[in-house]
Amino acid sequence: MRSGLTLRMLLSAGALAVVIAAVFVLLLLAINDLRDSARLTRDSQQELSAADVLEKLVIDMETGVRGYVITRERRFLEPSNEARAAFPAAARSLERTVRDDAGRIGPVRQIVQEVASYIDEYASPLIRSVQRADPSASSIAVTAEGKRRVDALRSEFATLTARERAAIAARQDRADAAARRAIALGLAGFGGSILIVLLFTGYLARVIVAPLRRAAGMAGRLAHGDLGARMPETGAGEIGELERSFNTMASSLETSQEDLRRLLDEQSRLRRVATLVAQSVAPLEVFTAVTREVGLLSGADLARMERYEADGTVTGVASWSSEDDELAVGTRFALEGVSIAALVVETGSPVRIDSFAEATGPIAEEARALGIRSSVGCPIIVGGRVWGVIAASTKREAPFPVDTESRIGEFTELVATAISNSESRAELTASRARIVTAADETRRRIERDLHDGTQQRLVSLGLDLRLAQSSVPSELPELEQQIGRAARELDDVIDDLREISRGIHPAILSEGGIGPALRTLARRAPLPVEVEVPTERRLPAPIEAAAYYVVSEALTNTTKHAGASVVRVAVDDADGTLRLSIRDDGAGGADPRRGSGLTGLRDRVEALGGAIAVSSPAGQGTVLVVELPLEHEPAPSA
Amino acid sequence: MRAEAFRCDAAGVEIRALIVDDNERFLEAARSSLSRDGINVVGTARTSAEAVRLAEELSPNLVLVDISLGDESGFELVRELAERFPQLGPGLVLISTRAEDDFADLIATSPAVGFISKSQLSPKGLRDLVSG
Numbered sequence: 011m012r013s014g015l016t017l018r019m020l021l022s023a024g025a026l027a028v029v030i031a032a033v034f035v036l037l038l039l040a041i042n043d044l045r046d047s048a049r050l051t052r053d054s055q056q057e058l059s060a061a062d063v064l065e066k067l068v069i070d071m072e073t074g075v076r077g078y079v080i081t082r083e084r085r086f087l088e089p090s091n092e093a094r095a096a097f098p099a100a101a102r103s104l105e106r107t108v109r110d111d112a113g114r115i116g117p118v119r120q121i122v123q124e125v126a127s128y129i130d131e132y133a134s135p136l137i138r139s140v141q142r143a144d145p146s147a148s149s150i151a152v153t154a155e156g157k158r159r160v161d162a163l164r165s166e167f168a169t170l171t172a173r174e175r176a177a178i179a180a181r182q183d184r185a186d187a188a189a190r191r192a193i194a195l196g197l198a199g200f201g202g203s204i205l206i207v208l209l210f211t212g213y214l215a216r217v218i219v220a221p222l223r224r225a226a227g228m229a230g231r232l233a234h235g236d237l238g239a240r241m242p243e244t245g246a247g248e249i250g251e252l253e254r255s256f257n258t259m260a261s262s263l264e265t266s267q268e269d270l271r272r273l274l275d276e277q278s279r280l281r282r283v284a285t286l287v288a289q290s291v292a293p294l295e296v297f298t299a300v301t302r303e304v305g306l307l308s309g310a311d312l313a314r315m316e317r318y319e320a321d322g323t324v325t326g327v328a329s330w331s332s333e334d335d336e337l338a339v340g341t342r343f344a345l346e347g348v349s350i351a352a353l354v355v356e357t358g359s360p361v362r363i364d365s366f367a368e369a370t371g372p373i374a375e376e377a378r379a380l381g382i383r384s385s386v387g388c389p390i391i392v393g394g395r396v397w398g399v400i401a402a403s404t405k406r407e408a409p410f411p412v413d414t415e416s417r418i419g420e421f422t423e424l425v426a427t428a429i430s431n432s433e434s435r436a437e438l439t440a441s442r443a444r445i446v447t448a449a450d451e452t453r454r455r456i457e458r459d460l461h462d463g464t465q466q467r468l469v470s471l472g473l474d475l476r477l478a479q480s481s482v483p484s485e486l487p488e489l490e491q492q493i494g495r496a497a498r499e500l501d502d503v504i505d506d507l508r509e510i511s512r513g514i515h516p517a518i519l520s521e522g523g524i525g526p527a528l529r530t531l532a533r534r535a536p537l538p539v540e541v542e543v544p545t546e547r548r549l550p551a552p553i554e555a556a557a558y559y560v561v562s563e564a565l566t567n568t569t570k571h572a573g574a575s576v577v578r579v580a581v582d583d584a585d586g587t588l589r590l591s592i593r594d595d596g597a598g599g600a601d602p603r604r605g606s607g608l609t610g611l612r613d614r615v616e617a618l619g620g621a622i623a624v625s626s627p628a629g630q631g632t633v634l635v636v637e638l639p640l641e642h643e644p645a646p647s648a
Numbered sequence: 287m288r289a290e291a292f293r294c295d296a297a298g299v300e301i302r303a304l305i306v307d308d309n310e311r312f313l314e315a316a317r318s319s320l321s322r323d324g325i326n327v328v329g330t331a332r333t334s335a336e337a338v339r340l341a342e343e344l345s346p347n348l349v350l351v352d353i354s355l356g357d358e359s360g361f362e363l364v365r366e367l368a369e370r371f372p373q374l375g376p377g378l379v380l381i382s383t384r385a386e387d388d389f390a391d392l393i394a395t396s397p398a399v400g401f402i403s404k405s406q407l408s409p410k411g412l413r414d415l416v417s418g
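Chains as they are written, first to last, in our numbering: chain A, 11 to 648; chain B, 287 to 418.
Isolated chain A, as found in the complex (with noise of 0.2 Å):
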């Protein structure tokens, strides 16, 4: 097949030259012919010219002798005398003529004998009688004699005339049949090598050029971009192997195409979702935006996301389905039986199942029941323990390519990640929760105590005193003086202790809620604080205590900072998110990273999973805005 065109080339070459060399020998052979021809004809006409001068000899011959024998005179004899001296030379010469003919030499000698005898036996004795006056020399009957052997050599001159020229003239005619012969050989040689350049010609089109051009342009198609094109693998030999090549390239070049655009589909969903932990978006939100790509990225018909649990068991936490399954989410299943969860925490290492056909357990009834072939699955590792599993499930025939273990990983590892910042973050709001109630809890214990304890045995004491002075007998005033003086500092210290308590914790707040303890805020503030406050009902100590500090904090700031004259402190509790502000009217500009207060109040409500803003626009007073939600509990952890 390699030589395949070439040998093809070669041989369609090779036919034009058999065809061109034939019609050369034809036209040679012709040629050949016609020169053997002209060499005949020029042999008969050399025959014929020598047959002639024998026959002048011949007739000079009689003619001399004739007239010799008339008058006797031997200047008649001259001229035949000439002609029987050059007899023998005549005669060679046209024997040499057909000396090559074996059919012509017969006749020639014949008339060469024939002359010469007439030479030999009537001429000679002739002349001799005539010299020897023998008077029958001239007499009718050697008269007669001669002239029938000169008419009878003249006969056989004609007949040899006659039968070369014939000879000649047939000669002519076959050189003129091999002329004609050989123009219409090369004619037709002619003709049918331009038939065979044609017929070449195309052949070459039609295997060469024709699929030459159309290489080139899949060549152009592949070049814009267009990697479907191929070519018909119909060509001969090499250019077969040149389609067949350029066949296997685009497809190579399609492969890498796809390879490359799966792994920019892989990297911009990995991207989406590290953006998704990089955000501190709701774990259960990465979850779903995992399941869903390693779903969509795997081609699978069905994902889950399930977390291990410390009974044994394990909870869908997230599903996708490219139809309409419902695969169980928030269920817990128990892990008995062949499935992908229970390979995955026995061996802590990706797994596949290629069929569930005989598995037992409620994972694998689930997966007959939804037609699901094969699966494949991930441990998610979240500090050295296998936190969870995504799976991955299809309900085609054939299993998941060898790498999408592997492509499912990379996505186990930003979950893993998404975890574990949400637990870091959940224990550290939690932490901050725990100090600030702690502390919280503590100010109010404190408080209490002193109320109980300390307070209580001033108080009493203080009455006791009051009692001991109105008790003094009248004839000791000093005493009683001493004693109500006593009694008055008492009172002092108690007020003072009061003071400090307050300070300590607000005691109003645990006896009356964020109402009657911002409205006693409000009351006790230097300048005009308008209160609203809709909801009389009890919210969670820490929330209160944090509205409380805020406004507190708040007041203080405006009253020494702002030259307000008035502030407005509006409480609004809905959507599980208690809403506070505090808007005064004062100079604005006021600086929220400025203070210790401030801070430690972001840190309060921060600790609660709430938020702080301050706007102070100069000139146009101050608004603290503070959301506290009053529902906060830490996300969703293992």
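Hints were generated in silico from the structure; no laboratory data involved.
Quick look at which bits of chain B chain A covers, simulated, 3 or more residues with Cβ under 8 Å:
1. 312–320
2. 375–385
3. 389–399
For each label pair, taking beta carbons as the anchor points, the in silico distance ranges come out as:
4. B:Arg-413 - A:Arg-444: 44 to 52 Å
5. A:Thr-447 - B:Asn-326: 46 to 54 Å
6. B:Ala-335 - A:Thr-325: 43 to 51 Å
7. B:Arg-413 - A:Ser-481: 17 to 25 Å
Every residue, glycine too, gets a C-beta built ideally from N, C-alpha and C.
With chain A's structure known, arrange chain B on it following the hints.
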């Protein structure tokens, strides 16, 4: 009613006081202090339940209720007493070691006739308060 009570007192009608406080020491001091000034302290209670029972049994015309009754609220007790014994109305007084303006908002909405600081507890103060 108020004017009548005052008149009654002024006319020598006996004041029958019930003191409700969870602090034994204060109960003693208060009892001594008030008794000395001619107020008949008919009983002392340390819990809300005891206070309600004694109010029923002893028919006091003055009840001093500590705002901070341990885990119980003096405001709640005052509300309950006012509901159950409407005639007690003018004689319901809140007391506390804390200052009045610490609880001003709650005191204002309470059925109690007034507040008196424990350290300022005196028959004169009480009489002033009750007489309005």
